[in-house]
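Peer 1: Hints in hand, dock the two standalone chains.
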Amino acid sequence: MHPLKDRGFRHPVASDITPRDLWQNRRQWMQAAAAAGMGLAGLSSLNAQAQALTGPGKLPKLAAGRSGVAGAIVMDKPTSYADLTHYNNFYEFGTDKGDPGRLADSLQTRPWTVTIEGAVQKPRTFGIEDLLKLAPLEERIYRLRCVEGWSMVIPWIGYSLSQLIKQVQPTGNAKYVEFVSQANPAQMPGLRSGVLDWPYREGLRMDEAMHPLTLLAMGLYGEVLPKQNGAPVRLVVPWKYGFKSAKSLVKIRLVEQQPVSSWTRAAPEEYGFFSNVNPHVDHPRWSQATERRIGEDGLFTRKRPTLMFNGYEAQVGSLYAGMDLKKYY
Amino acid sequence: MVQRWLLHPAAKPVLWLLLAAPAASLLWRGFHDALGPNPAEALIRGLGDWTLRLLCLTLLVTPLRTWTGWHALARWRRSLGVTTFLYGTLHWLAYAWLDQGLDWAALVHDVAKRPFILVGTAAWLAMLPLAATSFNAAIRAMGGRRWQDLHKTVYGIALAGLLHFFWVKAGKNDFAEVALYGMVILGLLTWRWQRWRIGN
Numbered sequence: 001m002h003p004l005k006d007r008g009f010r011h012p013v014a015s016d017i018t019p020r021d022l023w024q025n026r027r028q029w030m031q032a033a034a035a036a037g038m039g040l041a042g043l044s045s046l047n048a049q050a051q052a053l054t055g056p057g058k059l060p061k062l063a064a065g066r067s068g069v070a071g072a073i074v075m076d077k078p079t080s081y082a083d084l085t086h087y088n089n090f091y092e093f094g095t096d097k098g099d100p101g102r103l104a105d106s107l108q109t110r111p112w113t114v115t116i117e118g119a120v121q122k123p124r125t126f127g128i129e130d131l132l133k134l135a136p137l138e139e140r141i142y143r144l145r146c147v148e149g150w151s152m153v154i155p156w157i158g159y160s161l162s163q164l165i166k167q168v169q170p171t172g173n174a175k176y177v178e179f180v181s182q183a184n185p186a187q188m189p190g191l192r193s194g195v196l197d198w199p200y201r202e203g204l205r206m207d208e209a210m211h212p213l214t215l216l217a218m219g220l221y222g223e224v225l226p227k228q229n230g231a232p233v234r235l236v237v238p239w240k241y242g243f244k245s246a247k248s249l250v251k252i253r254l255v256e257q258q259p260v261s262s263w264t265r266a267a268p269e270e271y272g273f274f275s276n277v278n279p280h281v282d283h284p285r286w287s288q289a290t291e292r293r294i295g296e297d298g299l300f301t302r303k304r305p306t307l308m309f310n311g312y313e314a315q316v317g318s319l320y321a322g323m324d325l326k327k328y329y
Numbered sequence: 001m002v003q004r005w006l007l008h009p010a011a012k013p014v015l016w017l018l019l020a021a022p023a024a025s026l027l028w029r030g031f032h033d034a035l036g037p038n039p040a041e042a043l044i045r046g047l048g049d050w051t052l053r054l055l056c057l058t059l060l061v062t063p064l065r066t067w068t069g070w071h072a073l074a075r076w077r078r079s080l081g082v083t084t085f086l087y088g089t090l091h092w093l094a095y096a097w098l099d100q101g102l103d104w105a106a107l108v109h110d111v112a113k114r115p116f117i118l119v120g121t122a123a124w125l126a127m128l129p130l131a132a133t134s135f136n137a138a139i140r141a142m143g144g145r146r147w148q149d150l151h152k153t154v155y156g157i158a159l160a161g162l163l164h165f166f167w168v169k170a171g172k173n174d175f176a177e178v179a180l181y182g183m184v185i186l187g188l189l190t191w192r193w194q195r196w197r198i199g200n
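Here the protein sequences line up with chains A and B, keeping their order. Sequential numbering of the first sequence, starting at 1, is according to full-length UniProt numbering. Sequential numbering of the second sequence, starting at 1, is according to full-length UniProt numbering.
The shape of chain B in the complex, shown without the other chains (with noise of 0.2 Å):
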């Protein structure tokens, strides 16, 4: 039954619009000036914080195969993959543009100077790759065993985006959703690794 809606010709096309609801909604309230008080503020962490959701979803479409059977998810995990860097990207611009003004020179040295930030765009960076070879034509041209373990950088990305959202909140010594991100992040790392550890 589930799979039956998952490869529905309209299928895809509903994700795609459920995956650009979020940024969709921060950007027309960003506009509307309806993101509260502070709204440069709110647009860089709503952004953040859908990527790392996006993220701990793209971890989530293979457990999930395993554990449901529903092989049709497959489909998804790409363009879940592709949707993380997307938001990744649009953080990391709002960042630039709404917190450094796109001054470069100050954009160097606030990265450089500041760990988390450091950390989070060393792991957007460490996205372009991933983003770059999406596409069938790249898998071909790579053989599947060079894109997948190049793909496997993804459980690298993840864990620097947790430490990166770590340091943001480490300020208010406020860590229930550091935590929260970190158990599923966590928990999914850890059930590949025991995979692995069966598999060899």
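With the rest of the complex left out, here is chain A (with noise of 0.2 Å):
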């Protein structure tokens, strides 16, 4: 068995929560197995890494291995977990990014189900019970880049999307995938507002959302995903601005027309379909040169540079190859 993929083990559905020192436990092991059995002075250092990244403990744990997917672990340092449940885009829970923090605990994430729909062969309704163990739960570290010029750096816990989508079989006719969110006036206090059309939709190309990068999200920091960050689960697609990656699932469909998200709908000069982290294509307000590394770069810290796909160049590039990037932003 390789023990960086981490496949044979049993993997938890929510309601068989690992135990803490279990947990912790299978982690040195893994570490044990990696530095030993790899010789690889590296994954040592990256697996002590991975042991500290686990949350407060307020929530569900939620084990995982470590990704083996190409670019699915970044080396910076990852954003505190305060930091990361404290300044978010959920905009069903308003638009201060204190609002959902405070306000997005009357979500009811259980029962929970996502159904997968369209041009596919076995369209199938999942609880969430049946996505947490229809794969190996995986730990990956991404760097998010939010189109308003911020950064984090996020250990995520799920599986890639295609994983899932395999399930329904898509037929030929599936060229794109869209995404539904929750939309649930009684538990989001932020619907009452016209900011946006909801219920909240977003939409990828058949080939991105079949990338492995592309995550289905359940969890982050070794627990179950907080209200606020998405829950119970979401998508993540590390190379776009972060609203591509849709929060709180509940449909999913795979279509034949390219789909309208709803900041296309809202705004079509200011958001584009592909909205990939793009340095040399600015937002018609301000520049996407460069970034704020949230709680990292002190007040006076000069923003980085923003990376071409968010650094994930490598893997995505040849996605888009010979696209006019300017023209498809």
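Some chain A residues judged to face chain B by a derived CB distance under 8 Å, without partners named:
| no. | residue |
| --- | --- |
| 1 | Asp-83 |
| 2 | His-86 |
| 3 | Tyr-87 |
| 4 | Thr-95 |
| 5 | Trp-150 |
| 6 | Ala-266 |
| 7 | Arg-285 |
| 8 | Ser-287 |
| 9 | Ile-294 |
| 10 | Leu-299 |
| 11 | Arg-302 |
| 12 | Lys-303 |
Hints were generated in silico from the structure; no laboratory data involved. These numbers come from a predicted model, not from an experiment. Glycine included, each C-beta is placed from N, C-alpha and C at the ideal position.
Peer 2: So, in structure tokens, the structure goes:
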């Protein structure tokens, strides 16, 4: 068995949460296996870093093995759990970045289902428990770049979206994937505002959706997703601006026509369908050349340069070969 | 009663302390890492919010005098105006420093390219002559009439500030605060406009 890929372990469902000590033991075992078995000096320090990535213990644990997907583990220092859970854009709970952390408690994440339909041979509705055990959970440390010019580094837990899409057997008509978020006014006070057309919708091209880096996330920092971060299940597309990664998913539709996302509907000249992180294409109202790393850069630290495709060019650049990225922004 | 408080020798120092408090709080929290996960953004926005609030307060002095008969308020108008300019200056400097890294080439490019920054910068620059003539000798030198005409540009500055804020918020289609400031500023301008019409 490949110790890094963690395929041999039994994976928990939400109802049987791994006790903390067991889970930490397993990480130590992995660390030892990696260091001894592979003999690669860098790996043990990587694993040591991963071992530190545990949440505050307020939420149920979610055990996951280290991802073997190329580019899944960046070496940047992860953003603190406190910043990560108190600086959120989740307009269903309000437009202030402090609103979701304060108000998202009202979201009911159990029971929860995600329906996958459209151009598929086996449309299906998955309960969140089914999703948690559908494929081995992996820890991945991704950069997140918000279109507003700030960035974070987040240790997610989940698996490639492709694992889920394969289950429903897409037909030849499936050219795009549309994602629909939860929109329950009784639980989401931000829906009263007309900021966006609810429910929140996003979309990807089929090859983007099937890319191994496109993550269906159900946890972060070793625990299930905090509600303000899009519980219980969300999308994470690390080479695109953050808003492409829809939160609290309830529906995934495979479609023939390019879907219109909520932000494109609201301001098409500002938010295109692709929204790849691109330092050379400015937002109409600000430059995208630099970014501020949340919690890491002090008040007087210069902003850091933004990387093409958020640093994932080697992994995803070929998806856009020959495309004019100024036109298809 | 209120007039007596307003004319009290301690009134001015108390006013200055009150006016300095928001900036002092923002700067103190900025240096003590207490401005949340994105301190630069919080500082720039906080200073911008207070610039707009103080501008509204400055415009409110004259109507308030008329409605209440507290003529001693006139003593406060210049303090409020100068403080508005100082907050606008801190707001612009925070943007130039924390957002643009005091890189002048980047600054010029950013100001020229982005209408909301251009309008905000223009509004700040337009406050310069008002602040520079805010002492008694300047009024005497200019003559009251010309001084008053110059200081009427504050209405244009208020509208430019409002447009700047509108563009900042337009990205999120989030106009609740813009509407609030808009109602205050447009209400105060309408009140003046009606007085001029009657006066003429």
